[in-house]
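Line by line, the protein sequences give chains E, S and D.
Letter by letter, the first sequence follows residues 1 to 333 of the working numbering.
Letter by letter, the second sequence follows residues 334 to 622 of the working numbering.
Letter by letter, the third sequence follows residues 623 to 863 of the working numbering.
Worth flagging that the hints you see were computed from the coordinates, not collected in a lab.
As the structure is a prediction and not an experimental result, all values here were calculated from the model.
Careful, some of the hints might be misleading.
Claimed, not checked - Here are the simulated DSS-like pairs of lysine-lysine, each with C-alpha atoms no more than 30 angstroms apart in a straight line: (1) S:K494 <-> S:K419; (2) S:K494 <-> E:K73; (3) E:K315 <-> D:K752; (4) D:K752 <-> D:K804.
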Amino acid sequence: MKRWLAGGSVLVVLALVGALASPYLISLLTIVLLFTFLGQSWNLMLGIGGQLSIGHALFVGLGAYSVALLDVKYGVSPWIGLLLGMVIAGSAGAVLAWLSFRFEVRGIYFALLTIAAAEFARIMFGGWEFVGAMQGLFFPAPTGAIDISMLRGDARFYYFIALALAALGIVGTEMISRSYFGYVWRAMRDDEQAARALGVRAFRHKILVIAISAATAAVGGGILALVQGSIFPDSIMGMGLSVDVLIGPVVGGLGTTFGPLVGSLAAIPLNHLMSALGDCLRIPGLNSIAYGVVLVLVVWFLPDGIWPAIVRLGKAVQLPSRLWLLQPRKAEE
Amino acid sequence: MLSLWLNVLASGILLGLVYGLVALGLTIIFGVMRVVNFAHGEMVVFGVYIGYWAVRLWDVPIIVAAAIAAVVMFIFGYFLETLIVKRFVNRPHHYQFIVFIGLSLLFSGALLVAFGPDPRPTASQLSFHTVSLGFVTLDLARLQAAATAGLLITLLGAYLKFSSFGRSLRAAADNRLGGLVVGLNIPRIYAVTFGIGAACAGVAGALISPLFDAQPYLAVDFTLLAFVTVIVGGLGSFSGALLGGLMIGVAEAIAALMFAPSMKTALPYALLILVLIFRPRGFFGAKEI
Amino acid sequence: MTALLEVKNLSKSFGGLVAVNNVSFALEAGRITALIGPNGAGKTTCFNLVAGAMRPTSGQVVFDGHPIENAPPELVCRMGIARTFQIVRPMRDMSVLENAMVGAFSWTRSVDEARSTAYESLESVGLAGKANARTDQLTLPDRKMLETAKALSTRPRLLLLDEVMAGLRPTEAAGVVRVLRKLAEGGLTILLVEHVMRIVMEVASRVVVLHHGAKIAEGRPEEVVADPMVLESYLGAGFHA
Chain E
1 MKRWLAGGSV LVVLALVGAL ASPYLISLLT IVLLFTFLGQ SWNLMLGIGG
51 QLSIGHALFV GLGAYSVALL DVKYGVSPWI GLLLGMVIAG SAGAVLAWLS
101 FRFEVRGIYF ALLTIAAAEF ARIMFGGWEF VGAMQGLFFP APTGAIDISM
151 LRGDARFYYF IALALAALGI VGTEMISRSY FGYVWRAMRD DEQAARALGV
201 RAFRHKILVI AISAATAAVG GGILALVQGS IFPDSIMGMG LSVDVLIGPV
251 VGGLGTTFGP LVGSLAAIPL NHLMSALGDC LRIPGLNSIA YGVVLVLVVW
301 FLPDGIWPAI VRLGKAVQLP SRLWLLQPRK AEE
Chain S
334 MLSLWLNVLA SGILLGLVYG LVALGLTIIF GVMRVVNFAH GEMVVFGVYI
384 GYWAVRLWDV PIIVAAAIAA VVMFIFGYFL ETLIVKRFVN RPHHYQFIVF
434 IGLSLLFSGA LLVAFGPDPR PTASQLSFHT VSLGFVTLDL ARLQAAATAG
484 LLITLLGAYL KFSSFGRSLR AAADNRLGGL VVGLNIPRIY AVTFGIGAAC
534 AGVAGALISP LFDAQPYLAV DFTLLAFVTV IVGGLGSFSG ALLGGLMIGV
584 AEAIAALMFA PSMKTALPYA LLILVLIFRP RGFFGAKEI
Chain D
623 MTALLEVKNL SKSFGGLVAV NNVSFALEAG RITALIGPNG AGKTTCFNLV
673 AGAMRPTSGQ VVFDGHPIEN APPELVCRMG IARTFQIVRP MRDMSVLENA
723 MVGAFSWTRS VDEARSTAYE SLESVGLAGK ANARTDQLTL PDRKMLETAK
773 ALSTRPRLLL LDEVMAGLRP TEAAGVVRVL RKLAEGGLTI LLVEHVMRIV
823 MEVASRVVVL HHGAKIAEGR PEEVVADPMV LESYLGAGFH A
C-alpha cells in the first residue's frame, strides 16, 4: 500500500502545482502528464501484453486527426472526435495485429510492421489535401474561456485534463492488471506456448490488447492536438513521437503501474532543459545527445527502470512484510 | 516515353545496388548477432559526411573517399560493439531497440553539434557528367556508386563464402552455442561483424555523397529504408538484401514518375506491408528468428 | 469401462522421418495409463499430437466422442485435456499462485474463483505453503508439481503428464506417485509419458510401449514387463530403475 501512498501523494502534489505554478511549468507538466498517459498505453501493450510497438505514433496521430478534423472542419465537439479516434485507432491496431499474427509474424517482425504502418500513414497524411497535407491543421485561437463541451480553455484547464488522464491511466492499468485480462495477458507475455496449453486464446487476446492500447493512445493524441493547437503529420505521426511515447515507461519501469509517470517526469523536463541549454549556447543537437545518453545509461545500469529501483530502495529501508506485492512486473521477450 | 521509362528504371537499379549495400550491413549484423541496428542510418550519414569532407579537404575521387569511409567506419563499428553493443546482445529485442534509439539520438545529435543542420552538397565533378548508352542516359556519379557497391557486395559475398573467417562467421550465425562449443572466438566475431556492417553503411554513404547533400536529418530516412529493404528481402539473408535493395530502388524510381513527389517515399512502406502480410519472412528470410 | 480418449492409427512424419507410425490405443476413464519407450521412441511426439501442439500426418484422436486432432492447443485444453511440459515452463514474472491461476481462466473470468481454484490445485500437489513464492525460488520437484497444479486449475478430465518424474530422486518421485494416485482416486484420467520404468510399474494400471514410433505392446504393467518384444527392444538396453 506504500506504493499507492507514494503514487497518490505525487498526484496530490501535481494537483497543487496546477493550482499554483507558473504558466511555463504548467505547460511543461501538461506535456509530461500527456506522455505519461501515452506511455501507459504503450506499457499496456508491451509491459503486460508482451507485444512491442515502435510505431505508436500511428495511433496517436489517428486520434489527433480525428479530433482536429471534426473540430476544425465541421465544428464537431472533440468529445465525439475522441470517440471516433478510439474506434479508428482501435480498428487499425486490431487489423494490423490480425494481419500479422494470422501469418505468425511476431516479435521483431511485428515491431517493424508497426513502424512501417506509422511511416506509411505519416507520408499519406502528408500528401492528403483534405487533412491539410504538410501544412497541417490549426484549431481556432483560444479565447481563454473554458468550454467543457468543446474542450477549450486556458493552459490550466488542459493541465487538469492531462492530470485526470494520467490518474485514469494509473487506475486503469492497475485494474486491468488485477483482472482476468491482466493474468491472461501476463501469462501470454511470459510464455505464449505454455499459456495456450492452459487454454489462453492467445490470438484473440493479442489482438485485443493491441486494440485497447491503440484506442487509448488515440485519446492521448486527441488531447495532445488540442493542447498544441495545431498538428502536422511529421510531428504527430513521426518516428520521433513513437520514441517519445516509449521513453517514459522504459526510463520509469516497464510493466509497472507508476513507471510511465516517474519516467516522463524525469525524461521530458530533461529534454526541455537540454533544448533550452542548446538554444542558449547555439548548439542545436544537445538535447538529442542528452536523450540518447540517458536512454543508453538507463538500459545499461537500471534495466528495470527508475521506479523499481525506488521500490527496491524503499524495501531496503523498511522491513519486508507483504512486499512480494511490490515486485516490479517487468517484461521479458 | 519508352526511353524515359528505361532511364528511370536504370537509375532505380543503380541506386538499388547502393541500397543493397546498406541493407547488407544491416542484415549481416542481424544474421550473426540477432541484433537489429536501429542506428544504421546514422552510420550511412557518417559515410556521407566522410565523403563530403574528403572531397572538400583533399579533393580526392569518391572511390578514395569510400575507402576512407570503409576503414573509419569499420574501426568505429568494431569499438562500438566491444564498448556498448555486446552488453545487450542477449537482452530482449525491446531493450536492444531502446539502446540503439539512444545511440542514434546520440550520433545524430553529435552530427548536429559538429556540422550544424544545414545541408552540405558534395562538390564532385562527377555530378555533372553523364554517359549515354543508346536509349539510356546515366549520370556518372550514380554509375560509379552502383558499380563500386556491386563489386563490394560480390567481394564480401566471396569472402564470407570462401575465407576461413567468413566460414566461422557463418557458423556463428547458424548456431551460436555450437560455435562456442567448437571454440569459435564469438566476441571477436561479433565485433568484426559489427565493424563490417558499419563499414558497408559508411561506404554506401560515401558513394552517394555526390547524390545526397550531407545533412544530419537524413539518418532516420536511411534507417527506415534499410529496414524496409532488409525485410522485403528477408532479415538475415545475403541475397535478400541485394534483391530488396533493387526492388526498393526501382519502386522508388517508378513511384517518382507516377505519383506526387510527396507520395514517392510511401511506396517502399506499402511494399513492405504487402510483403510482411503475404511473405512474412521476406523473400529469402530465415524460417525462425 | 468406456474410453475417454481414443487414438486411432495416428502417424506423424517430419520430412522423411516417421516419428509416430500408425499408433492406436485407448484411455479408460479414471485410470492412469503410461506411455513408455526408449529415447526417440516417439512418446513426446505422440503426446504433442494428443495435446494439439502438433497436427498428425494421418489418423485420429477422439476425445469424449469429438475428433480433436486438428484443434489448436487452447481449444484442446478448453475441451478438458490439460498438459504439462517436459521442460518446466513457469511464467517467470508471476508468483506460484498466479501461475496456478492462469489455467482457471479457461473456465471462469472471476479472479476470486481463479484464486481459490489455484489454492486447491496447489494444495493437491503439496505446494500450498509456497503460494506466494516466486517461481525461480522453487526446487525442481516443486517446479514439476507447479506444472501439474497449473494444469489441474483448468479442471481437466484428462491430464497429460510429460516426464514429470524425470530428474527426480527416488524419494521425490515417490511423493509424485502419491499425488498422482490421489488424483486418480478423485476420478481424473491420467496419461503419463515416462522414461523411468520402475515408477510406471508402481503407478500405472495400463502401459503402452512405443519403439521406433510404433506400438509394440500394450497391457497391464506385469504383462508388458514379461513381453519378450519389450524386453528385447526396450529393456534389453538395460533395465534401469
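To see whether the hints hold, each was checked on the structure:
{"no.": "1", "hint": "S:K494 <-> S:K419", "verdict": "holds (25 angstroms)"}
{"no.": "2", "hint": "S:K494 <-> E:K73", "verdict": "violated (61 angstroms)"}
{"no.": "3", "hint": "E:K315 <-> D:K752", "verdict": "holds (21 angstroms)"}
{"no.": "4", "hint": "D:K752 <-> D:K804", "verdict": "holds (20 angstroms)"}
Going through the hint list in order, the structure does not satisfy hint 2, though it satisfies all others.
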